Amino acid sequence: AQSVTQPDIHITVSEGASLELRCNYSYGATPYLFWYVQSPGQGLQLLLKYFSGDTLVQGIKGFEAEFKRSQSSFNLRKPSVHWSDAAEYFCAVALNYGGSQGNLIFGKGTKLSVKP
Amino acid sequence: DAGITQSPRYKITETGRQVTLMCHQTWSHSYMFWYRQDLGHGLRLIYYSAAADITDKGEVPDGYVVSRSKTENFPLTLESATRSQTSVYFCASTGTGGGYEQYFGPGTRLTVT
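Quick note, the sequences are listed as chains A and B, same order. For reference, each letter of the first sequence is one residue, going 923 to 1038 in this note's numbering. For reference, each letter of the second sequence is one residue, going 7 to 119 in this note's numbering.
Honestly, the hints are just simulated from the structure, not real lab data. None of these values were measured; they are calculated from a predicted model. From the three backbone atoms N, C-alpha and C, an ideal C-beta is built for every residue, glycine too. Treat each hint with caution, since some may be false.
[Unchecked claim] To give an idea of the interface, some chain B residues facing chain A are shown, with a C-beta separation under 8 Å as derived from the structure: (1) Y37; (2) G48; (3) Y54; (4) S55; (5) Q108; (6) F110; (7) P112.
[What the hints assert, rightly or not] When the alpha-carbon atoms are kept at most 16 Å apart in a straight line, the in silico EDC-like pairs for lysine to aspartate or glutamate are as follows: (8) K971(A) with E107(B); (9) K1030(A) with E65(B); (10) K1033(A) with E65(B); (11) K1030(A) with D44(B); (12) K1030(A) with E986(A).
Same shape as in the complex, but just chain B:
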């Protein structure tokens, strides 16, 4: 009954380092999403995926890479972290059938120093 989990919950990294945030869901949902949440900006979509091996850019994709080799996992990689990527990152998922309501993970707080 885990639902959707994210790891790590907290991460501090240095500028220029590569870091990967993990997202795992147990519902076999087709769609998965990555958002970042920043004060004054609300939630902004980074990338989304409609199914395994199908990904697409959202509103703020620059500096991020995603993959989806398995339905249940949707990792987000910052290839060379910058201070502007300090944020709280949320993963979400939703099934097919027009439901559209998304279910969110607990978030990862990332600090880039």
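The following block holds chain A by itself, in its conformation from the complex:
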């Protein structure tokens, strides 16, 4: 069955430090992958997506993610974290077959805290 694993429930980084959030997926076909961010009390906002082509994708707010098929991973990175990046981050994979086309499977999220 398709699944998404985010191994880290909670990560704390210092402001200005680099960030990497991990995501591993299990999916037989070519995956469509997404990262979303959720600020407290808000809905989810799309940060970036991978469909095909260049395995390093750029997103909003200075984030990027790299698709590695051999590792079934789609890790999110940012070179320098800002206090406003504190939020919860969700990785997702889209089902792209049959009647479930377009449905997303989400990981359980990684909460990011930023120390001043």
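Assemble chain B onto chain A, guided by the hints.
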């Protein structure tokens, strides 16, 4: 430029009552989705709809009913609310054409007492 809206934003109801959560989108997106978000579970799909009058079950449909008579609206009804349905509910939509990225509403926080 409203995008996708949900109402109410907060709701407290009693066990056994019927409650309807509303979702409205202004993009004419074909697909709409309902999720619930619970601590430790992430987001779980309740129901989805590929078009008006076409709906299908997701991962956790029990206790919920949906309808989609108009493209822009996708209400979610809890026919007899239970405490286990206390959650934050998110509506989302996406267009056709293989885009797949979903756009989310602000959520409805539902408490069942």
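Verification of the supplied hints:
1. Interface hint status for Y37(B): upheld, as the beta-carbon distance to the closest one in chain A is roughly 5 Å, under 8 Å.
2. With a cut of 8 Å, the hint placing G48(B) at the interface with chain A holds, because the nearest CB-to-CB distance is about 4 Å.
3. With a least beta-carbon distance of about 6 Å to chain A, the hint placing Y54(B) at the interface is held under the 8 Å criterion.
4. The criterion of a C-beta within 8 Å of any C-beta in chain A is not met by S55(B), whose closest approach is roughly 11 Å, and the hint is violated.
5. Taking 8 Å as the C-beta cut-off, the interface hint given for Q108(B) holds, the closest approach to chain A being about 6 Å.
6. With 8 Å as the threshold, the beta carbon of F110(B) comes within range of chain A, its nearest partner Cβ sitting at about 4 Å, so the hint holds.
7. With 8 Å as the threshold, the beta carbon of P112(B) comes within range of chain A, its nearest partner Cβ sitting at about 5 Å, so the hint holds.
8. Between K971(A) and E107(B) the alpha-carbon distance is near 8 Å, which keeps this suggested pair within the 16 Å criterion.
9. Restraint check for K1030(A) and E65(B): satisfied, since their Cα atoms lie roughly 15 Å apart, inside the 16 Å limit.
10. For the hint linking K1033(A) to E65(B), the alpha-carbon distance of about 24 Å lies beyond 16 Å, and the restraint is violated.
11. Using a Cα cut-off of 16 Å, the hinted pair K1030(A) and D44(B) holds, with the two alpha carbons roughly 9 Å apart.
12. Between K1030(A) and E986(A) the alpha-carbon distance is near 20 Å, which puts this suggested pair outside the 16 Å criterion.
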